[in-house]
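Given chain A's structure and the hints, the job is docking chain B onto it.
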Amino acid sequence: MATLTLDPPSTGTGTPGNRGRADRRTGLHLVGRVLLYAVMLVAAAAILVPFVWMVTSSLKNSTQVFTVPIQWLPDPVVWQNYLDIWTKADMSTWLRNTLLLSVVITFLQVLTGSFAAYGFSKVRFPGRDVLFLAYVGTIAVPWQAYMIPQFILMSRFELSNTLWAMIALQAFGAFGVFLMKQYYESIPEELSEAARIDGLSEYGIWRRVVLPLSGPAVASLSLLTFVNVWNDYLGPLIYLRSPEIWTIQIGLKSLVSQYNAEYALIMTGSVLSVLPIAIIFMLGQRYFVQGIATTGVKG
Amino acid sequence: MSATTIERPRAPGRRLRRRRALVGWTFILPNFLGFATFTLVPVLILMYLGFTSWNAFGAAEFTGLENYERLLSDSTFHTALLNTLYYAVFHIPLTLVAALGLAVLLNQKLRGVAFFRTVAFFPYITSIVAIAVVWNMLFSPEAGPVNQFLEAIGIASPPGWTTSTDWAMPAIILVSIWRDMGYYMLLFLAGLQAIPGELYEAARIDGANAWQRFRNVTMPGLRPTTFFVTVMLTIGSFKVFDLILVMTNGGPGTATLVLSQYIYDTGFVERDFGYASTVAIVLFLICIGVTVLQFLVNKRRER
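If you're matching them up, the sequences are chains A and B in order. Take the first sequence: its position 296, counted from the start at 1, is 296 in the numbering used here, and no numbers get skipped. Take the second sequence: its position 281, counted from the start at 1, is 281 in the numbering used here, and no numbers get skipped.
Hints were generated in silico from the structure; no laboratory data involved. Do not take every clue at face value.
Listed next, with one range per pair, are the computed distances between beta-carbon atoms [unchecked claim]:
1. B:196 - A:200: 38 to 48 Å
2. B:215 - A:84: 53 to 63 Å
3. B:29 - A:143: 18 to 28 Å
4. A:61 - B:153: 43 to 53 Å
5. A:203 - B:215: 48 to 58 Å
Since the model is a prediction, treat every value here as computed from it, not as a measurement. From the three backbone atoms N, C-alpha and C, an ideal C-beta is built for every residue, glycine too.
Next comes chain A alone, as it looks inside the complex (with noise of 0.2 Å):
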């Protein structure tokens, strides 16, 4: 059950031995080292190209943006899409909508979770198993297929049209129980039963033992939990009505129906949306890799 580290530099030993000495020797490995890199940047550019075309365009006037042959570089820069898009849609609200719940909740799945995992994975007891079954059985049930009732019970609460609806959907997700209790499981039991030994309640082992030792586990699923909120679409589609709780997806999508000719604007908008994740992206890029290699491959 070890977690697996998939340290993007592959370090050492993981690789399997496909670099011998046999083929040092040969020119077929400058070769075939030329073959890979060539590959991997055709295949890295037509992967880039949807958002290098996105960024472009946004720096373009809506005329330009469709031209035969393509533009490829803005001439001139127009910056002015990025000016108006603040007056001409109520961005700032959506953003501070989404910031909102996406801080919120993830920082009630990361308490709840780490929390719950605690307990199915360090306290023995009856039941626990059959509970935990439940947990993982429903992640294997599709959102969609029960949408339906949880709205109606959402509605019965009082709570939809309401961000607070958001956070009761989104705050107590399996996954990051699941995610929590993989790591915890790494962590030796000897730690927690020399606490105990010196006196400590099992909340106390929770907080100042195990919770210490679970930060890379705790970056991973603050990443994912806070990406995944900011780029919800059909929970927000579902939930918010009004304009003034939207979120930014919900708010981009109506901004392609109001301006849908202008493309430079909407673009701009699709820039501004994606942004933050690109840069919360940039900097923990190994944990978004080390949590989904957690919880993906059972140990």
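Chain B in isolation, oriented as in the chain A frame:
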């Protein structure tokens, strides 16, 4: 446990057991309350709603199997089911192959590999709305970059993509492969790194070439990962929704209408909660059924 046996009674007494259960539950409860209310209970209600007629006003009325009979003669449902299968049949294998290819490529010890991994994963973490909007523009029939490229390489009349009933679904499949492959690539990379390097050395000494090593070392070593990826991809394919909702809204006509959108339209637009739940149960059963099937097949192959 050996360290504590000195101070504690040998077998945990009933009081201790009860205490432990209490402690365990207090850890789980904060999360469980929210999880049970907003996930577990809705799943259970779903099972009942599927047998009712309920249009959001008044109470649900039990109608037995009537909804299921209606499914049999509902041609829109059949279209949605077929479109979902169409999507799944192409999306699952193509994403699997693309992700595995990327993983093998990016598992090499080369300078800059980390950068390429980041690039490949990036589409997966960007918002569906933004990428759907961008791709819609890229696929634009007249002056869109995709068709300009196709014309440049000699295809005289490139397809109309999202505006054409025949090409809307392929367009969506292409975008979803582009978006998903980075995620599954990460899973495969984790799997690849778990294969011991000695196995490759041994195969090399036995004179196996690159393809033989891939076929006889990599593939068997990746089997647990491949299984997991297939299950995830299958569930993901059958519940596909938001990308289609933003890119084509199910159109043109019903060319890209899938099960999830049919549930959404019936439930939230027409307010027919009962019938929408019946369709939702079908989706649920497909996902569970496919998962169990794959599990059984995998078990048998392992023997």
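Next on the checklist: Of the numbered hints stated earlier in the document, which are not met by this structure?
Outcome noted: 4
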